[in-house]
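Let the sequences and hints guide you as you build the complete structure.
As they're listed, the protein sequences go chains A and B. Just so you know, we're using this note's numbering here: the first sequence kicks off at 1 and counts up by one. Just so you know, we're using this note's numbering here: the second sequence kicks off at 645 and counts up by one.
Everything labelled a hint here was simulated from the structure, so no lab data went into it. We put the CB at the ideal spot given by N, CA and C, even for glycine. Be aware that one or more of the hints could be misleading.
[What the hints assert, rightly or not] Derived pair list, reagent style DSSO-like, types lysine-lysine, alpha-carbon separation capped at 27 Å:
hint, chain 1, residue 1, chain 2, residue 2
1, A, Lys321, B, Lys707
2, B, Lys818, B, Lys788
3, A, Lys510, A, Lys598
4, A, Lys566, A, Lys510
5, B, Lys788, A, Lys321
6, B, Lys682, B, Lys819
7, B, Lys788, A, Lys319
8, A, Lys319, B, Lys682
9, B, Lys788, B, Lys819
10, A, Lys110, A, Lys122
11, A, Lys131, A, Lys146
12, A, Lys266, A, Lys250
[As the list claims (entries may be wrong)] A short, non-exhaustive set of chain A residues, derived as facing chain B with CB atoms under 7 Å:
hint, residue
13, Asp297
14, Ala300
15, Ala307
16, Thr374
17, Pro417
[Stated by the list, open to error] Residues from chain B that keep clear of chain A, each with C-beta distances beyond 10 Å, as calculated:
hint, residue
18, Lys683
19, Asp687
20, Thr698
21, Arg744
22, Thr755
23, His762
24, Ser783
25, Lys788
26, Gln789
27, Lys819
In case you want the letters, here they are:
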Amino acid sequence: MEKEPSTPEIQTQQNTNLNNPISRKLNKILESRIENDKELLESLKTLSMFFPENSIRSRRNLRSDIEKRSLVLNEEFLGAFRNVKEQLDDISSIIGSMSECSDNMLTRLKQVKLQTNELISKTNKLQNEKKDIDNKLKIADKFIEKFQLQSDEVNFLTPKKDGSLHPEFFKVLEKVRTIHENCKILLRTNQQTAGLEIMEQMAINQEAAYERLYRWMQNECRLLCSDTVEISDFMSTALFTLTWRPILYKYILDEYCNSRRNAIVKLFIDALTKGGPSGNPRPIELNSHDPIRYMGDILAWIHQATASEHEFLRSLFRKFKNNLELESSIKSSLGVIMDGVCRALRVRIEQVLVSQQDTILYKISNLIKFYDFTIRQRIDESCELIQTLVEMYQLSYKMFLNSLNIHATRLLDKIEPPNFELLPNEEFRRTLTLIKDIFDSYNNSVVSVNTKKDDYVQILDCVIEPMLQMCSLSAVNLSAIDMAVYMINCIYSIHSMLSLYEYTDSKLEKLEAQIDAHLDTLCNEQAYFILSKTDLLDAFKIIQSHDKKVRGPLVNVLGMDSNTLKSAMSKFDIYLAAPDNLIVSQFNLLLGSSIRLKLKQKSVRLVSDAYKLIYDAITDPENGYSNSNSIVPRTPDQTLKLLS
Amino acid sequence: MSNSTNSGPYNYTYIFKYIIIGDMGVGKSCLLHQFTEKKFMADCPHTIGVEFGTRIIEVSGQKIKLQIWDTAGQERFRAVTRSYYRGAAGALMVYDITRRSTYNHLSSWLTDARSLTHPNTVIYLIGNKGDLEAQRDVSYEEAKQFADENGLLFLEASAKTGQNVEEAFLETAKKIYQNILDGSLDLNAAETGVQPKQPMPKPVSNEAKPSDSQCSC
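Encoded structure:
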């Protein structure tokens, strides 16, 4: 009881009791609050379940009971845990196998990974290769595009069933040619084999294509046989393309020319013999009776045909560059085309020529010359048509000169003295008319001035000399006066005809000189006639030959006395009053007033000169005429005035 | 390459042959030159014999090539030029309105033209130098009457100004073309002065006849 002092006491007690274990224990017990200790309550509750009665025995056994109980519990516990342990063991083994498995997988994965790496690198490699190959493919495609033909392009190069060519033909052919060209570049690189092969292939293509083109053109050309032709663009292009193959080109040109030549020959013959539809225009040959018209129509037809063919050729060559070479090509082709008509033309011209003469021949030769000149401008000059025209011109001109020569020889054949009129004879005049005709036709003709000049000279040489010869020959038996008058008349008629024309100057000059020569003769004759009729001739002759130093004054010479002279002078006076009464009779037969006038003037001068000589002699005091003034009342000047 | 851009001058259906006649110095060559070159040729030299010109025209949608022979007017060439009338489809007969003598000679030219050409040849009378009104020597009415009496087409033209030159050539072609349509010109025969490029189908005459009367040219 002491253990429960008052509070202060307790505290003190407590402090004193602290070191006492019993007290401490006691305290502890005392202090414990059982109702608050759940564990204890639980334990007690549990204990109450198997501790039914509070007996000694039970109290004695309590401990063992509890222990027993604990043991049972532990055993149960153990049993339970054993299960758990077993299950855990199972799990553990499963996990173990799982781990094993995953380990396995891991190693396999590792392996696979190794393998995959290889694959990837391979793939990459392949991909790169693919890229390379793609590039190569592209290049190859481009190459093929550039250096090979597509299949349809090959088709374009082959002709269609009807033999016609595809419109793309030339494009493809051009491509083939370009490829062939480009192969040369290939040959310069290291692709020589390819280059050579492609080149060969293209060459084959090209040859085949040209061959086909050639055949096509050949056919086309053969169809060109109507009077007009239409040259398609295609055809002109074809011809132009063929220039790459000069031989084929030449053949085709020949083919074309042949076709056209045949057509022209046919048309020409038709125009000659059949004419137009139902005979209008009439066939040219219907006019064959009129040689000039006939020849003109034929040659005009040829000229027009030449012009048309020239146009067709221009159209055939329209794809060509316009240059000199082309021009000569056209000209020579035209030559070939037109040479077909030459034979027919030649035969007809010759036929006409043989039956014609002189002027007609001349006109024909001029006509031919004109057409030669006209046609020559379009056509090759060495071609047969021009040759034919030249030859025909030469022939006709030669025949013309021949016929002139025949005239000339005919003139000389029949030489007869002139009649009393002293005029040129019939044949002479006919020849003159002929020359006039010829020269007139010249004025109407179409040849150039140079030809005209040459021709004139030739014609005149050919005819005038024989004419003059004839005159001289036929005049041989005439008196001097008659002969001079006759010659003057002949020459004058030639002269007056020639003076109408150009280019006769040199001839005219010669003729004038000849006229003058004869005129001089006539003047002398006239003067002589007058002097003798007025009895002055003797005096004139004496005075002319008189030398006063030897023979003394004139007055003493026989026949020179004043009276004789006076009577002569009075006669001369009568002549002066009417000079026209004293004219040689033949002079009236002279043609041409100008000649007569000239003759008159010249003879007057001669007479007055003679008078002057006589006058001077008589009025000369040394000659001893005392009454000279009564002998010669007129001065020479007065005389001259009266006469002229 | 073979396109049709430059095929113009070579693409035509017919060729018509013309001849130009008339006295010296009336301007035949100048008319031709004006028509083919559309230029006036001053100081034109005298024609020697014959000259030749072409031009393509269009009549009723048909391309026609005119082949024109220009003859010399000088008397001395008459023998040569006569040969060119042969087979002409059209004849242009020209006189100078300022020189009556050239008008007075028309009848001789007409005789030549009538006797040397096809009866269907279209003859067109042209009074040239229409620009020289002040020097006029032949009145329009007089020439018109002459043309009417002889059944000729007639126009006054000027090669210098080009007035009516086209018309004369074109209307001649129209008239010829009409003759073809109504069948009076048989094209399947040569030397009518008209050459078809292809054989012509025979025209339906019923269709062509009415156009004869209503023709404006």
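Item checked: 10 Å cut-off, C-beta based - His762(B) kept clear of every residue in chain A -> violated, 5 Å
Notebook entry, point to check: Measuring from the C-beta of Asp297(A) to each C-beta in chain B, is the shortest one below 7 Å?
Noted result: holds, 5 Å
Next item on the list: Could you let me know if the closest chain A CB is still more than 10 Å away from the CB of Gln789(B)?
Entry: holds, 29 Å
Item checked: Pair hint Lys266(A) and Lys250(A), alpha-carbon separation not exceeding 27 Å -> Satisfied, since the Cα-Cα distance of roughly 24 Å is no more than 27 Å.
Note to self: Does the closest beta carbon of chain B sit nearer than 7 Å to the beta carbon of Ala300(A)?
What the structure shows: holds, 3 Å
Next item on the list: Mind checking the alpha carbons of Lys788(B) and Lys819(B) for me, to see if they're no more than 27 Å apart?
Entry: Within the cut-off at roughly 18 Å; holds.
Check: Hey, Lys319(A) versus Lys682(B), does the alpha-carbon distance stay inside 27 Å?
Finding: Satisfied, since the Cα-Cα distance of roughly 26 Å is no more than 27 Å.
Checklist line | 27 Å limit on alpha-carbon distance, applied to hinted pair Lys682(B) and Lys819(B) | finding: Roughly 23 Å separates the two Cα atoms, so the pair holds.
Item checked: Cut-off 7 Å, beta-carbon criterion: hint that Thr374(A) touches chain B -> holds, 6 Å
Notebook entry, point to check: Beyond 10 Å from chain A, beta-carbon-wise, is Lys683(B)?
Noted result: Nearest chain A Cβ is 21 Å from Lys683(B), so the label holds.
Margin query: With the threshold set at 27 Å, check whether the alpha-carbon distance from Lys566(A) to Lys510(A) stays at or below it.
Written below: This hinted pair is violated, its Cα atoms lying about 45 Å apart.
Margin query: Against the 27 Å threshold, does the CA-CA distance of Lys131(A) and Lys146(A) hold or violate the hint?
Written below: Holds. Lys131(A) to Lys146(A) sits at ~22 Å (cutoff 27 Å).
Hints 4, 5, 7, 17, 20, 23, counting from the list given before, are not met by this structure.
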